[in-house]
Amino acid sequence: MTRFEPARSVPGPRHQAYWPLTWALLLLLVVGSGALAPLLRGTGWMWAMTFTVTIVLISTAGFRRLGVRRSFVPITGLGVLLTFLTLVFGAGTGLVWLIPTPDTFTVFQGLIDSGIDSIRQQSTPAAPVAGITFLLASGVGLIAVLVDALAITLRWPALAGIPVLIPVGVPGLIIDGGAEIFSLVLAAGAFLVLLWFDARVRRTEEANQLPEGRSAPRVFARATRLGPGPMGGAVAVGSIGIVSALVLSAATPAFTEHSPVGSGNGSLLFGSGVSPMIDLGQDLRRPRPQPALHYTTTAVAQPYFKLLTLDRFVGTTWVASTNRINRDNTVQDITRSPELSKSVESVETTTSVVIDGVDTAWLPVPPLVTRVEGLGGSWYWDSHTRAIRSFDSSTLGQSYQVTALELKPTAGQLRDSSSEYPQSVLPAMDLPTLRPDIIDDTARAVTSGTGTPYDAAVALQDYLRGGEFAYDTDAPVDDGYDGGGVDVIGTFLELQRGYCVHFASAMAVMARSLGIPARVAVGYLPGTKTSDGVAGAGAGQFNINSNDLHSWPELYFGGVGWVSFEPTPGRGRVPAYARPADSAGPGSASGATLPTSAPRAGDDGLTTGGGSVNSAAGSTSGSDALLRVGALAALIVCLMGGPAAARSLRRQGRMRRLRRGSAGAATAWAELGDSAIDHAVRVTELETPRELARRLSGLPGLDGDAAAAEALDRLLVALERHRYARPEEAVAADQGADLADDLDIVTEALHRASDRAARVRALTLPASLWPAVLARQNSGRIRNA
Amino acid sequence: MPVIRRFSRPGWFPRLTLRGLIFLTAGGALFLNALVVNRRDLLFVACVLLAVPLVALVYVAVRPSRLHVTRTFRPPIVAAGSEAVVCLLVQNLSSRPLYGARWRDATNGATKAPGTGQLPSLERYEGGRDNGADSATLEYTILPRQRGVHGIGPLVLGQHDPFGLAFSERRVGEPHDLVVTPRITSLPGAGIALTSGDGSLHEQLRRENPNSDELIAREYRPGDALRRVNWPATARHGEIMVRQEEQRSNPEALLILDTTLSGPREHSLMHGERDRRYDQDFELAVELAASVGAHLLDGGFRLNVAELGASQLAPGLDRERGALNGDMPTAFRAPGGDRQLLEGLANLMPIHRQEADVATGASWVASRGASSQLPAFAILIDINDADAAGLASVRGHCEPAVAFTVGTVRRDMLEYLINAGWQCITVTSSHEITAAWSEVQQQRGVVHDTV
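In order, the protein sequence lines correspond to chains A and B.
Per the numbering used here, the very first residue in the first sequence carries number 413; after that it's consecutive.
Per the numbering used here, the very first residue in the second sequence carries number 295; after that it's consecutive.
Because the hints were derived from the structure by calculation, they are not lab data.
Heads up, the beta-carbon is just placed ideally off N, CA and C, and yes, glycines get one too.
Misleading hints may appear alongside valid ones.
Which chain B residues stay away from chain A? Per the calculated CB distances, all over 12 Å, these [claimed, not checked]:
1) Arg357
2) Gln453
3) Gly517
4) Ala519
5) Asn641
6) Ala686
7) Arg704
8) Gly715
9) Gln736
In silico contact screen, one side only, chain A against chain B (beta carbon under 8 Å); selected entries [claimed, not checked]:
10) Gly543
11) Leu547
12) Gly551
13) Ala600
14) Glu618
15) Arg630
Let's have the full structure, built from the sequences with the hints guiding it.
If you want it as structure tokens, here you go:
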């Protein structure tokens, strides 16, 4: 008699059991904080977070090990976190570097403020400055304490997933698409590992605390399996669950095109950053453009929409001055620019604008606006830049009519304008004194031989639009010269790659270096005409999306005022007064610019670049939806075809074995029984094969079929011989192929004999599969095979 | 007797645990929210929360587990109020190890369920003997309070998925009946003093060979006490012979059981209003019958049990009228008879009498002839006039005739029986059984003295 050993092991220390939970929580938090990766540059912040989490979790586990009372453990965890933060971020203000003093909290306050500030100002991916790192470390430390309390102190490990949603969910609030799917999958896996460990810990706990007493159940077994249980089940359930979640979430069509909260269009636009130019680049680099606004206009040429004007240098960077906005300057009446002489032809136009997604305090309006109606909130205009701004409301959801002047100066008028600039314009000639020499050198080289400021401006524009420069939204970021400051312009002039910000800024800076007042306007290109403008409401409507964000230079000409130019190649439209064809007439312009710019001179209206990008984006979103529907359909087909495939595989396998000779009559009969079950023939295990054969041959469709009856008979005889004959008279092995043929005959006859519904069911939902899947009460197989 | 309730749900039907339900609820809410705000990351989290419990549900539903369960009771028959050990030998028959399962034995309400416990890991089927690593022995103690036949089992095997989200219970094996016999109070005395004669056969023999020593020795049978060996006769015969003179040949006794409760309170039975007091009285009567019957069997009597209603101890078509109306009583003999009697009594319940042919047949006792007088013990709960008349009519064939009444017999019936010559002793609780029996013996002692 084998010796039985009681299954219960020696009850170990209770806290021992919690270490697996601690490791699982550590994994979960590290993986969860990794989801922040798209928001931050580098990996230093990641190490800080991992280190904090490790310190907190290990120390709470250690305190638990030392026997600290369960309810105190979270408090000790908080203490450890504070000590750790004091040591690392306290800058030596702590007592013995460790114990926080009031000074430490002052330091922390400063770190928090600077962290929040840099979060506001930086755009993603942000550089993890000390403040941000401090916020991340302390935040994840608090989460670690909370998670530890939930999962181990209170033993609700499933709820520990909720705090981890914070680092996992934050990227979705800030950038489009949220955290990367890879880190989401990892986090889900880590969460499942936590649940699995918890289930195991619970089992161990229960096994160690068996109820004592006479009525308690006693268990005796050979203690063979000591380690953890088989992983197969956990891996199977977890991976199938996560994969189906992936498929499901990918196949779910979206209700709304873009989210009303979070990363809506325009929320990045000047919303948080201090540098509109960098933000503008950010918006241009968005993979999926989002609608900004749409409008209808009476103007012949669709206007640019100006948001704000950058007219001042702070340090080396362009900024917008906002201090001249007067509360008396209401938008109902905007005075006509005093510098504009009557001789310049101007046409009054009306434009109706509906804002779709722009969310900013600057109102997008055509230049030279004279009146705006229908606005909600209080809006005021800047007397110098004529930008319209609100201090209490936003553009989101506004719909308004703008009356503006469409200015049509001629090249002659501009060339004749005086170079005597009024006092108010003079600041627009300031330049940072420390600027790369290449700016002045290039400006002089390009404009050599031009006589008037106008000709110089056109020369600059043609130089930038010429073949030497390439429009590229990514290169400045990759090479680290994004923005519009003078130092950036120096780099840009060397590398000759950049986007509108660089072109506009370069032209404005070079114009200033030549003594022409210049500034940079930021706004939107005119957009594209509605493609489905057949008739009705959509006709004549223009749509502007985030890809139409643009900036361009404005130069001052006496008697005319501020005049826009378009130096960015492939974007926007060169104004009629700045066409090289016009400027070449008087002969003062350089002939060299002509050939390169000639092909571009023809593109009146919109360049094809923006339009094609937009239509491409539209078609990708369409194919996305198609793909999603297709995936869903494929999933359904897979689900429905699964049983049929399983049955077919089983049948093929049996047939193969039969024909190969490795299986005999028993397999053939089993297959026959399965086919009968598929075709709704009741087969019980109480029947002998002969009884079943008699019933089969008596089926309505089969009784007249002589071939099938003979085949059935042969199958039956083979089976009976296989079963009951003496072993030495066993059937020859090469009989299998004949059996397979007979089986085919009988199965086909069965198929023919049953009605259509039974046939369809036999194909799609073979009933013979269910016993294998479901009936696992010890009854065994249904067939007597 | 409560009927064993069976679940209508299939045994393998899986359920979600609380955690699984919370997952589904939270996942559903998050899913809708994610759809509305169009957050792909939240959508994925929601889908994980939705998909994993469902996959777990499928997992516990299709996870194969084939077990073989053998259930034994120690002792196989247990008296009410004493403990029995239920011993389960569980063997894994499937080709995969069984891990992380829980077990409990389903019982009906009469015995306390032993609670649930962890099943140790069972290796895959080894095909060997049932003590390998593929099997485990589970034991628990039950304390049945009520007599009866209690179904114990089947074993319910509960399985969680690895994450504790879903749960399925599966019944393994069949329920087994545990016979819980009535409690027995051991009674004083050997029972010899009860009878006036030694039994019919012995008397006959003595009449024919009054002085023979030879004939009163018989061959040894298993169970005979050593002290009974008749050494002279053994020496003569060359095999072990036993004295017979101390053994009654086949002394008989009659035990009359009131199972119909057909007194005026009968309506309460008919309408199914179970009167708690009646129930207790009936249990007391059964306990009394078990004690007296076991005592008599122990004393060597052949015990004839006559039920007033249709026979439940040995049911049959010709035994539905009641023993006083002509049915044969059920006989029990000494070796094994006590066990049969107790098993029979374990299942006894009050039944409704078939009124059709009251008092048509003659009593078996009366038809037996007046060759000898039987010791008769009647255990009465609530009798009607017909029962009382029947009892009175058999009084002449019985000596002694003792009626134990459990306190609910009507006073006029009691007086009627006393007048008819029955010695009536009222027992109101099981503690009084010994005292009541002593009373019987004292009365018998008096009778013997006077004869």
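May I ask you to check that Gln736 (chain B) keeps its beta-carbon over 12 Å from the closest beta-carbon of chain A?
Nearest chain A Cβ is 41 Å from Gln736 (chain B), so the label holds.
Would you say Arg704 (chain B) is clear of chain A, with no C-beta pair closer than or equal to 12 Å?
Holds: least Cβ distance 43 Å, greater than 12 Å.
According to the definition I'm using, a residue is off the interface if its beta carbon is farther than 12 Å from all beta carbons of the partner; does Gly715 (chain B) meet that for chain A?
holds, 50 Å
Non-interface claim for Arg357 (chain B) versus chain A (Cβ beyond 12 Å):
Arg357 (chain B) not clear of chain A: closest Cβ-Cβ about 7 Å, inside 12 Å.
Could you check that no beta carbon of chain A comes within 12 Å of the beta carbon of Ala686 (chain B)?
Given a closest Cβ separation of 50 Å, the condition holds.
Holds or violated: is the Cβ of Ala600 (chain A) closer than 8 Å to a Cβ in chain B?
Holds. Min distance 5 Å.
Confirm or reject: Gln453 (chain B) is not an interface residue toward chain A, with every Cβ-Cβ distance exceeding 12 Å.
violated, 10 Å
Double-check Glu618 (chain A) for me: the hint is only fine if its C-beta lies closer than 8 Å to a C-beta in chain B.
holds, 6 Å
Separation of Ala519 (chain B) from chain A, once the least beta-carbon distance is taken, above 12 Å
Nearest chain A Cβ is 36 Å from Ala519 (chain B), so the label holds.
Interface hint outcome for Gly551 (chain A) [beta carbon to chain B under 8 Å]
Not OK, violated: Gly551 (chain A) not within 8 Å of chain B, min 18 Å.
Taking 8 Å as the limit, does the beta-carbon of Arg630 (chain A) come near enough to a beta-carbon in chain B?
Holds. Min distance 4 Å.
Using Cβ atoms only, decide whether Gly543 (chain A) comes closer than 8 Å to chain B, and label the hint accordingly.
Given a least distance of 26 Å, the restraint on Gly543 (chain A) is violated.
Consistency note: the structure conflicts with the earlier hints numbered 1, 2, 10, 11 and 12.
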